[in-house]
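Peer 1: Next come the chains, spelled out residue by residue.
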Amino acid sequence: MLGKLLKYDLKGILKFLSIFYVITLFFSGLTHFFINIESPYIVFLIGRILSGTLISFFISTLINQLMALWIKLFATGVYKDKSYLTHTLPIRKADIYLSKLLTSIIVSAISVTVIVVTAFIAYYSEERWKLVKQFLTGEIGKTITILVIFLFLELINLIQCGYTGIILGHKCNSGKTGLSVLFSFLAYTVSQIIVLLFTAAAALISVDFKALFVSRQVQIPNSVLLTIAAVYLVIIIVNAIINIKLLEKGVDIE
Amino acid sequence: MELIEINNLKKAYGKHEVLSDITLKIPKGKIIGLLGRNGAGKTTLIKLINDLLTPTSGQILVNGAPIGVQSKKIISYLPERTYLDKSMRVCEAVKFFSDFYDNFDSDKAYRLLSDLGLDKYTKLSKMSKGMQEKVQLVLVMSREAELYILDEPLGGVDPATRDYILDTILSNFSEGASVIISTHLISDIERILDEVIFIDCGKIALYGECDKLREEENGSIDEIFRRMFKC
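Quick note, the sequences are listed as chains L and U, same order. In terms of my numbering, the first sequence opens at residue 105 and continues consecutively. In terms of my numbering, the second sequence opens at residue 168 and continues consecutively.
Everything labelled a hint here was simulated from the structure, so no lab data went into it. In this text, all values refer to a predicted model and were calculated from it rather than measured experimentally.
Which stretches of chain L does chain U cover? Using the computed rule of at least three CB atoms under 8 Å from a CB of chain U, they are: (1) 184–190; (2) 193–204; (3) 346–357.
Example chain U residues on the side facing chain L (calculated, C-beta under 10 Å, incomplete): (4) 235; (5) 238; (6) 250.
We put the beta carbon where it would ideally sit given N, CA and C, even for glycine.
Kindly generate the complete structure, drawing on both the sequences and the hints.
Peer 2: Right, here's the structure in full:
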């Protein structure tokens, strides 16, 4: 049943987000075309404007994705009209939640891939590609990979804190939307405080962690990044369990 | 064993009590009217049975077990609002139901849809609200359920459509199943009811067999209701 629900959740959200992916891809092609023509000046200028537009599309792809996941996938699917179907399907509450979480992870991975691919299309040149390859094969490549994993987990944590907020907000009898936003913010703040406390505690026994607090110019070692990424992973898992328990206690659909 | 057993059920939002101390047994094989004025608590009771609300206290048992995956397998529920994803086509909605409900009969659904003259490739977003409600009714009645719960299926529709809806319900529910129909349009459904539950101010005001009530109170169910809840 989880697989079936995941299929429908993915289909529903990608149907909506694919429009933004296509527009971003279109602009990346256009940017690539104009940015590589150096004269006349007006064409070069158009290339620069398109480049700026593309960057704003990168940001809007991420923002649209966040909004689509929070509002269209979770709030509507679990608490609004569509929830009348969701909660009457013969599926465990845990599967309903896991389907939403897995959809979020997959959709986030697709969005990040779209951004990377469109950036590659827009700014591709042989010299740049050589430079990127050099970066990716060296020690910096490793750091970039770990940083991508780190930021991805941070993104999933942010999305899930939104879900926690929506669940807690809908446990209240009134002001559900406002309280959902407030609880989301609080859940995210708590997750950041946990990471900070862990880092501070680790600084007591590790020189690398201590350097984060005492040095002005810090080159964060990969081991530190990986450890903090692991902390995020634990937070994501624990938060998922809490959210499932909260959902299993029951819902109050308007 | 009763199909549904409700014991001392209470639902409150803060200090506001919507349902209080509901105790009820729904038998198998009956068509039951859940009747009451607007805001009496009919939808709240239905939503509690369907796990869309959490009871403040009390218990609901379906075939002796608490509400859960097993109860959802045997209850076919038609809410008062449209709940299908409007970006779906009719055939996709049918596929969705057949994917999740083992007791869903796709052939029956397509037969009923074709009786309505509906193209299965039509998008739900291109349909009127009334048409979408008919599609939902078809999907709900195409399940071989043990209990059908229909919340205001006649609300806001013309008399001809009401007849169509009642005929669809009567000719399509599974043998031995029970049907709970919530409405305040009593005269329209009176002819099909075996039992009635009158609900008022969150409490059961009356529960009994229709024939017995007509005899005892010397009037139709509609008249008994009007007498009882006269403003």
